[in-house]
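Asks: Sequence:
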Amino acid sequence: MYIRTNQILCSVSDFKIQEDFHLDENNRWVIMSEIIPWLEYEEEYASIFEEKIGAPAKSFRVALGSLL
Numbered sequence: 024m025y026i027r028t029n030q031i032l033c034s035v036s037d038f039k040i041q042e043d044f045h046l047d048e049n050n051r052w053v054i055m056s057e058i059i060p061w062l063e064y065e066e067e068y069a070s071i072f073e074e075k076i077g078a079p080a081k082s083f084r085v086a087l088g089s090l091l
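Under my numbering, residues 24 to 91 are what the sequence shown spells out, in order.
Hints listed in this document are in silico derivations from the structure and should not be mistaken for laboratory results. A few of these clues could be false.
[Unchecked claim] Below, simulated DMTMM-like cross-link-like pairs (lysine to aspartate or glutamate); rule was C-alpha separation at most 25 Å, straight line:
| id | residue 1 | residue 2 |
| --- | --- | --- |
| 1 | Lys75 | Glu65 |
| 2 | Lys81 | Glu67 |
| 3 | Lys75 | Glu57 |
| 4 | Lys81 | Glu57 |
| 5 | Lys81 | Glu65 |
| 6 | Lys81 | Glu66 |
| 7 | Lys75 | Glu63 |
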């Protein structure tokens, strides 16, 4: 089972934990996150799972991140 969530992907410049903390736009993980077409892959990933059978699957971002 896959439960879709309406996640709004924020840009690196919008992401702030604290006022003085910012992600480095040249960081390899930040660059990779901007290259990956998340919404396209999320749709394909969600189509693999049954709609109402089984435990809910992890989101595509979590699944891909665990493999990287």
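Asks: Next step is simple, just say for each hint if it's right about the structure.
Replies: Hints, one by one, checked against the model:
Under the criterion of a C-alpha separation no larger than 25 Å, the hint pairing Lys75 with Glu65 is consistent with the structure, at around 18 Å. Between Lys81 and Glu67, the direct Cα distance comes to roughly 14 Å. Compliance with the 25 Å bound is thereby established for this hinted pair. For the suggested pair Lys75 and Glu57, the alpha carbons sit about 32 Å apart, so the restraint of at most 25 Å is broken. Proposed proximity of Lys81 and Glu57 is supported: the alpha carbons are some 21 Å apart, at most 25 Å.
For the suggested pair Lys81 and Glu65, the alpha carbons sit about 11 Å apart, so the restraint of at most 25 Å is met. Using a Cα cut-off of 25 Å, the hinted pair Lys81 and Glu66 holds, with the two alpha carbons roughly 13 Å apart. Of the supplied pair hints, the one linking Lys75 and Glu63 holds, its CA atoms being roughly 22 Å apart against a limit of 25 Å.
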